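*Asks:* Full structure from sequences and hints, please.
Heads up: the protein sequence lines correspond to chains X and R, in order.
Residue 142 in my numbering sits at position 120 of the first sequence; the count goes up by one each step and never skips.
Residue 494 in my numbering sits at position 477 of the second sequence; the count goes up by one each step and never skips.
I should point out that these hints are in silico values taken from the structure, not numbers from a laboratory.
Misleading hints may appear alongside valid ones.
Label pairs and their computed distance ranges (CB to CB) [unchecked claim]:
{"#": "1", "chain 1": "R", "residue 1": "324", "chain 2": "X", "residue 2": "98", "range": "22 to 30 Å"}
{"#": "2", "chain 1": "R", "residue 1": "324", "chain 2": "X", "residue 2": "87", "range": "48 to 56 Å"}
{"#": "3", "chain 1": "X", "residue 1": "205", "chain 2": "R", "residue 2": "695", "range": "31 to 39 Å"}
{"#": "4", "chain 1": "R", "residue 1": "297", "chain 2": "X", "residue 2": "31", "range": "56 to 64 Å"}
{"#": "5", "chain 1": "R", "residue 1": "705", "chain 2": "X", "residue 2": "109", "range": "19 to 27 Å"}
{"#": "6", "chain 1": "X", "residue 1": "203", "chain 2": "R", "residue 2": "208", "range": "50 to 58 Å"}
{"#": "7", "chain 1": "X", "residue 1": "143", "chain 2": "R", "residue 2": "695", "range": "41 to 49 Å"}
{"#": "8", "chain 1": "X", "residue 1": "145", "chain 2": "R", "residue 2": "690", "range": "23 to 31 Å"}
Just a sample of chain R residues kept apart from chain X, beta carbon distances all over 12 Å, derived [said to hold, decoys possible]:
{"#": "9", "residue": "534"}
{"#": "10", "residue": "684"}
{"#": "11", "residue": "698"}
Everything numeric in this text was worked out from a predicted model, so none of it was measured.
We put the beta carbon where it would ideally sit given N, CA and C, even for glycine.
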Amino acid sequence: MSGILLDVRNIGKNFDAIAALSEVSVQVEAGERIGIIGPNGAGKTTFFNCVLGVLTPDTGTVYLASEDISQFPVHERARRGIGRTFQRIELFSGSTVRDHLLIAERIRRGTGNLWRDLTGRGKPRIEEIEACDHVLDLLGLGELANRPIEQLSLGQGRLVEVGRALMTQPKVLLLDEPSSGLDHQETADLAETLLEVQASSNFSIILVEHDVELVASFTDRCYVLDFGRLIASGATQEVLTNPVVREAYLGENIS
Amino acid sequence: MLFASSVAEDFLRGILQGLPPGAVYGLIAVGFVLAYKTSGVFNLAFGAQAYISAALFFHARNEWQWNVVVAFTFAVFLVAPAIGLILERLIFRHLPPGSALAKLVIAIGLSVALPHLFELLIGFEPVGGRTPEGLLPNGGGVFYDPFGVYPLSRNELTALVVAVIATALLTALFRFSAIGLQMRAAVESPRMTELNGIRADRVAAFSWALSSTFAGLAGVLMAPRFNTLAAPDYFNLIIVAITAAAFGRLMSLPRALVGGFGLGILIAQVDTFLPRFSANNSWVKAIEDNVTPAMPFIALFLLVAFWPPLRANKDQVDPLSGVDPPPQLPVAVVRTRFMTNLTHSVGVGFLSVVGFVVMTRADKSWVFLVTQAAIISLILLSITVLTGLGGMISLSQGSFAAIGAFTVFQLADRTGMSTVLAAVIGALVAAAVSGLLAIPLVRLGGMWVPIATLAFASFFDAVVVKLPFVGGGDKALIEGTRIPRPVIGPWNLTNDKTFLVFVVLILIVVSAGVIAIRSGTLGRSLAALRGSEVASQSIGVSPVRPRVIAFVISGFIAGLGGALLGMQQENVNYAGNFTPYATLFWLVLVVTLGSRTVEGAIQGGVGFSLFDRIIFRGDLFGWILRDPDRVPGFFPVSAKWRFVLFGLSTIGFAKHPEGLVESGKRKSHERMERRRARREARKSLEGASS
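*Replies:* Okay, here's the thing in structure tokens:
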């Protein structure tokens, strides 16, 4: 069990009469890339929200590096190493691209306080700016660092979200449909970049995706959700050829 | 046994006594919910609309000697819906859906502007010391006493009957008619509704007219309950309405009526039973008369802060909002460094000249006004921190300022402490109160912070100020709330010019602090939270801490400003400076001129203090013409125009949330960019031809 980084056990969540998730358990090992797939409304985003604490699950426990984080608020979980992007992109309007990363970097360092702000020492430091620009360069956003977020395309916005999450140096990164709004080439580029970054800092990735091709090429293992239940899990290639999965997810009638 | 029967009898009397005002509260709550349900506007100007109908009815009866039916029809069924239609047509129709906060700010502006505009147009002056008459002849003099415990006046019965009938009709309309269904659809997304072939703007116009009629009706029915007829009373009424509406989660019409009745009865019961306790407790005695009217504020605050179902009403997001163009950027981000430096130098130069003229040439009254402008600027900076940086709207800044001023008064009065030290303590007390207030509120989402802080401000106004250890009690009525000006070493602050320098120094220090905060961790955290709360949390930003700190800082600045204002006037002067209604105007000023920048606050302070003198009294013209006698005859213009002008200019908030100053800067920046582009184009053209 020592290799397990994120251990989500028996998560259940109901919205009134609808069981959005029931008894979902997911384990992620350090450095692993896993996928979660399923049709619309299967509970994929709800699962992310329960892991990060945006929603409080009705049942179940979340362990990060063997620590029970189920009772922690979102920002505490984030500080302990869960990073995330959003399906419906969430950016800070009125800020530049670099600002998005700078605040993440500052919070990670934990060096900001009111007294420093008031004495004029709250401005971004050179080493912080360099750290942000390094990540921006990796993502190919270096040119856009000073651009206001409003001027970016949707695809660039998704990359900024990834960059912002990376600045927190997460142990596990939750990617919520990063390919939606990106074209084929952009998706491939994003996957390649993520692989590069992951190779250098060795964090785990959970990918929620519609794009089966991306899941197939990007993840080692995957889980399949349908109506809030896990219907399959295992090595990605095997799962994707599983008849039950094909019927539920791809709508193929095998019989 | 005797005691028990008297409790039962008192209880019944409380119910009967509470029903008629409860009916009016319910009526206004129903109208309020209607507007909210159908247009998404949290219409704080509802009280102002009720006031206009009530005042118009009064004026038509007494000045124009109109027949009661004609006057009632005119005020309630003609003018009231007309105001609703005008507001919808000219203002709210043009706002993007989902901008709940912008609509709220505009409604605040309107609640400042509308009463003054009405008074100016008709020549109406607020009435005091006289009870306006009701609808029926001798309505306050004929009584019916069915149970032998409480006689209901004819006015009260009228209110009861009208409220129940009106709500029943409205509920039926909503449930059973096509327009009712369309109204419900239009609020979700006007654009979606239009895709279904319904004219959303017509639906909205209809519901505005309808809800405004309710405001007018409630206003006229309410009038005989006061022995005054003035806008602030009606502004308080809106808090009562929100409280009643909150019982129905702002969505249910019948429940809003029930909430109104419940509130009326609750107030009457407190009124009946509180004297039994106050006989033994002197501090209860001191506030006894004020607790009763303050019940809605207490109830509202508790409901908002601690009743989870209410919070479930998150701000609406239009499903089609993705098609809107993104907001524009602050000019400071895009302009060149040279332009920034140039602007700053010109600003500093201008202020230096003004400072020099004031210090050498100005007379006592000008020094007074300039000092006041600096102090108000300081107080407005507290709004810059909270609203500009934090994206939160507080309507209790006046109370925080008053806490600062009262603390100085009490400490100086009791201990003879130096007022400078006392001012620092006062600011700290205000900061602490502000922070405590913030803790239950900051997670509530955009709309609820202004509502809860308004409830707090009203409670402070009605109860806390009356406490002897705050406002000085009876002693202060006779002796006033004196604040002496201190002497610090060689500095004698009783000298007006020295005091001005002292104030300006503080203003500079606080401005520098605000600027430093904006570019520091706190400012960045607040900006992130403003942009997306969930994304900020996902990178480790606490959704509570930065906002509470912003409230603490804002409270500190407001408290300090309040203390200085007291020092300047050598008196707290609560009624003149700090009442909730008066301080709405502060927010309006900052939001109109620019809530993100220090310049916005300073221009707001200058506008607040000097607008009258320079513009409305015609001093500027006199100075330009070099002769005070040649000032045109229409000066002096009524100072009420100031409220109308700034109040109405909040309408621009939806289009330019950054404020007039910022949008002015953008325009001039764009103009210069265009000019430069033309010049370069010409140059390259010349280069090509030669």
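*Asks:* Now tell me, hint by hint, if it's right for this structure.
*Replies:* Checked hints:
In this structure the hint that residue 324(R) and residue 98(X) lie 22 to 30 Å apart at CB holds, the actual value being about 26 Å. Distance hint for residue 324(R) and residue 87(X): a CB-CB separation of about 38 Å, inconsistent with the stated range 48 to 56 Å. For the hinted restraint 31 to 39 Å between residue 205(X) and residue 695(R), the CB-CB distance of approximately 38 Å keeps it satisfied. With their beta carbons about 58 Å apart, residue 297(R) and residue 31(X) fall inside the hinted range of 56 to 64 Å.
A hinted range of 19 to 27 Å is violated for the C-beta pair residue 705(R) and residue 109(X), which are about 51 Å apart. Distance hint check: the CB atoms of residue 203(X) and residue 208(R) are about 22 Å apart, inconsistent with the given range 50 to 58 Å. The hinted range of 41 to 49 Å is satisfied by residue 143(X) and residue 695(R), whose Cβ atoms lie roughly 43 Å apart. A C-beta distance of roughly 28 Å is found between residue 145(X) and residue 690(R), which places it inside the suggested range of 23 to 31 Å.
The claim that residue 534(R) lies off the interface is violated: its Cβ sits roughly 5 Å from the closest Cβ of chain X, which falls inside the 12 Å cut-off. Residue 684(R), annotated as away from the interface, keeps every beta carbon of chain X farther than 12 Å; the closest lies near 18 Å. Even its closest Cβ contact with chain X, about 24 Å, leaves residue 698(R) beyond 12 Å, as expected for a residue assigned away from the interface.
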